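Just so you know, the sequences run in chain order A and B. Numbered per the working numbering, the first sequence spans residues 1 to 142. Numbered per the working numbering, the second sequence spans residues 1001 to 1493.
Do not rely on the hints blindly, as some may be mistaken.
What the hints assert, rightly or not - Each computed SDA-like pair below joins lysine to any residue, with the alpha-carbon atoms no more than 25 Å apart: (1) B:1178 x B:1222; (2) B:1396 x A:44; (3) B:1435 x A:18; (4) B:1422 x B:1337; (5) B:1269 x A:44; (6) B:1435 x A:91; (7) A:85 x B:1222; (8) B:1431 x A:18; (9) A:37 x B:1222; (10) A:17 x B:1415; (11) B:1099 x B:1138; (12) B:1301 x A:105; (13) A:17 x B:1452; (14) B:1323 x A:44; (15) A:124 x B:1308; (16) B:1251 x B:1236; (17) A:17 x B:1241; (18) B:1396 x A:74.
Note that these hints are calculated values from the structure, not bench results. Note that the structure is a prediction, hence the values are computed from the model and not measured.
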Amino acid sequence: MKKIIGLDCIILVDDDKITNFIHKRVIKRADIDVTIKVNYTGFEALNYLKKMSELPIDKYPRPGIIFLDINMPGMNGWDFIDEYKKLPSIQKEKIVIAMLTTSMNPDDENTANTTPEINIFLRKPLTIEKLERTIDANFPIL
Amino acid sequence: MSTTDTLYRHNELTFQVMVDASPNALILVNEAGKIAYANAYAEKLFQYNRAEIIGQKIEILMPARFERYHPGFVRSFFQTPQFRRMGEGRELFALKKDKTEFPVEIGLNPIVTINGNMVLASIIDITERKKAEQRFRLVVESAPSAMVLVNKKGIISLVNTQTEKLFGYRREELLGQKIEILIPSEIRSQHPKYRKEFSKNPETRAMGAGRDLFAVTRDGKKFPVEIGLNPIETFEGKMVLASVIDITERKRNEEVSKKYTKRLENKNKELEQFTYITSHDLQEPLKSITGLAEILTEDYKDQLDEEGQNSLAFLHESTERMKELISSLLHYSRLGQKSTVEEVDCNELIEVIKKDLTSSISETNTRFEITALPTVSGYKTELRLLFQNLISNAIKFRKKDNVSVIKISAKKQQQAWLFAVKDNGIGIDMKFTDKIFTIFQQLNPKEEYPGTGIGLSHCKKIVELHDGDIWVEAEPDKGSTFYFTINSKTPLL
Chain A
1 MKKIIGLDCI ILVDDDKITN FIHKRVIKRA DIDVTIKVNY TGFEALNYLK
51 KMSELPIDKY PRPGIIFLDI NMPGMNGWDF IDEYKKLPSI QKEKIVIAML
101 TTSMNPDDEN TANTTPEINI FLRKPLTIEK LERTIDANFP IL
Chain B
1001 MSTTDTLYRH NELTFQVMVD ASPNALILVN EAGKIAYANA YAEKLFQYNR
1051 AEIIGQKIEI LMPARFERYH PGFVRSFFQT PQFRRMGEGR ELFALKKDKT
1101 EFPVEIGLNP IVTINGNMVL ASIIDITERK KAEQRFRLVV ESAPSAMVLV
1151 NKKGIISLVN TQTEKLFGYR REELLGQKIE ILIPSEIRSQ HPKYRKEFSK
1201 NPETRAMGAG RDLFAVTRDG KKFPVEIGLN PIETFEGKMV LASVIDITER
1251 KRNEEVSKKY TKRLENKNKE LEQFTYITSH DLQEPLKSIT GLAEILTEDY
1301 KDQLDEEGQN SLAFLHESTE RMKELISSLL HYSRLGQKST VEEVDCNELI
1351 EVIKKDLTSS ISETNTRFEI TALPTVSGYK TELRLLFQNL ISNAIKFRKK
1401 DNVSVIKISA KKQQQAWLFA VKDNGIGIDM KFTDKIFTIF QQLNPKEEYP
1451 GTGIGLSHCK KIVELHDGDI WVEAEPDKGS TFYFTINSKT PLL
C-alpha cells in the first residue's frame, strides 16, 4: 500500500449512496493508504472542515482531496464552493477540490475552470486512472 | 290706363310681392351696374334700408378689394347673359352697412324688363356653412391618422398634417389631385372601378376587405395600409372621407410573432418527441439491466461476498430509481395533453384525495383544516394531481415531534382564485425556493425523504396550464405555505 505525502484523507461529497459505494471501492482498489470519509451533503463536509482542527487528528484527519458532486439536494456543489470560499484559509490549506459530476452542461466545466477553488474537473464515475491523475497533478512524489 | 297696361302693372306687382317675400336675399342690378331693386330679405341681410341702396353701384355691397374688377365682370355678364353661379371656384364675400364682411354664395339670373336688361342676384349667407366646414377641417386635422377627403370625381379636396407626414407630400401638392396619386402604380388603374362601386353603395366600412392594401409615398415607397371609408354629405356634394393607417410596424410584428409561434410550435413538438423517444429508448436497456440483475440475484447471490451482494442490491435500487425517473419524466411531458376543461369542485377533489391518502393520513395523525373551496374551470385530473402532490408533500415533510396540520383555503382575486396549502412541517430555507419547482431538484437527502424530485415541477406545470403562478413562503422548522393561482376564466391551451 502506497502512502502519499499530504494525502491522509479523501472526502467524498455526494448525496447518492451508490455512487459513494462505488467511489469508495475505486479508492480502495488504488491501493493507497488513505482514510475515506463520506459526506452526503455539503453542510456535513463544511462542518467537518470547521471542526477538524479542534478534534483528534486520528479520527478527523485533514483531507487532501475533496471529491465534490454538483447536483445535490439543497446545497449543490456550487453552493458548497460559495460557502467554502468564506472559510478561514487555515481550514482549507493544502486541500485539493476535484469537482466530480455527471453534468453534461458545458457551462459547469467552464465555471469550474475559472473558479480558483476548484483544482480539477472530472466526470463520473471516478476511476483509478482519474484518481491517479488527480494525485499526480497535486501531490509531489518524493 | 289701358287694360294691357293694367294687366302688366298687375303682373309686375305680383312679381314684386313674390320677390319681396322670398326667403333669399334678391338684388336686381341694371346694365349700368347699379342696384335697381332689393327685397326685404336683402335689406335684412345687408342691414340697409332699400331706399339707401337703390340707385347705388352694386359694389357698395362688396369689400373694397372687389371694387376694381367687379364692374368688368358685370359688363361681361351682360354680353352673354345666362344663369350661372357667380365667381365659380373663388370665395365670395359681401359687406354689410356696418362694414362687416361675410362669406356668400351668389346665383345670377338674367332678366329682361321694360327698364332694360337686368341681372337678378340671389345671395346666400354661408357664414354658418363656413363655420361648419371649419369645424370639420379641425376635426380632420386633429385626427391621429391620415385623413383624405375625396369628392365624387376622385379629387382630393382636403387632407390633414398626418397625411402630409405619411405620404411626404405638401398639402398643396395633393389638393385638386386624383386620389390615385397615393396608390401604387400597379394597382392604380383598378382603383377608379372600386371608387365607382363604393359611390353606388356608400357605407362606412373598411376598404379592400380581405385584400392587402398598399399606398405609395411621394418618393415611390410602397407601404401596407389599413383604410376606413366614410361617406359624407357636404355642401359640395357626396364625398368620401378615408382614414389611412400605416401598418408597416404591425405587419412586421405580425410576421415576427408568426415566425416565433411557428418556431415555438416546432420546438415544443421536438421536445415532446425528444422526451418520448428518449424515455422510451432508455427503458429498453434498463429493462435488460433489470433482467440481468435478477438472474444474478436468483442464481449467483450465494456465491457472492458481502460487497458483491451489496452491489447487486444497489443495482436493483438504481434500476428501480431510473424506472421511476423515466416514468415521471414521461408523465410530466404528457400533463395537460388530451385533457378537456371542465368545472371542478375543489371540495370534492380534496375529499377524493383524502380518501386515497387515508392510510398515510391516519398513520401520521395528520389533521386538516379546510375552508369552503370554489369550483373552478380546469383540467380535473391535473388539478387533482396538483392538490395531491401538495398534500403528500405536507405529510412527507412533517415534523416528527408535533401533530401535523394542513390548512387549505382559497381567496377570490380579480382574475383568479388564490389557493393556499399551509403546513406546520420542516419548512424550507427561502434561499432554495427557486430550485424546488425545477424538475428533479430535491432539497433533502434521498435517504431521509425518498422521491424523484418531480412533484413540484408537476405542480408548476399544472398551475401554468391554468394560466396561474405558484410560489412558496416558508421558514425552516416552522412550516411552508404553498400558494398558487388558478385563472377564474377558461385556461389557456
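Among all the numbered hints in the text so far, which are the ones the structure does not match? 4, 5, 6, 7, 8, 9, 10, 11, 12, 14, 16 and 17
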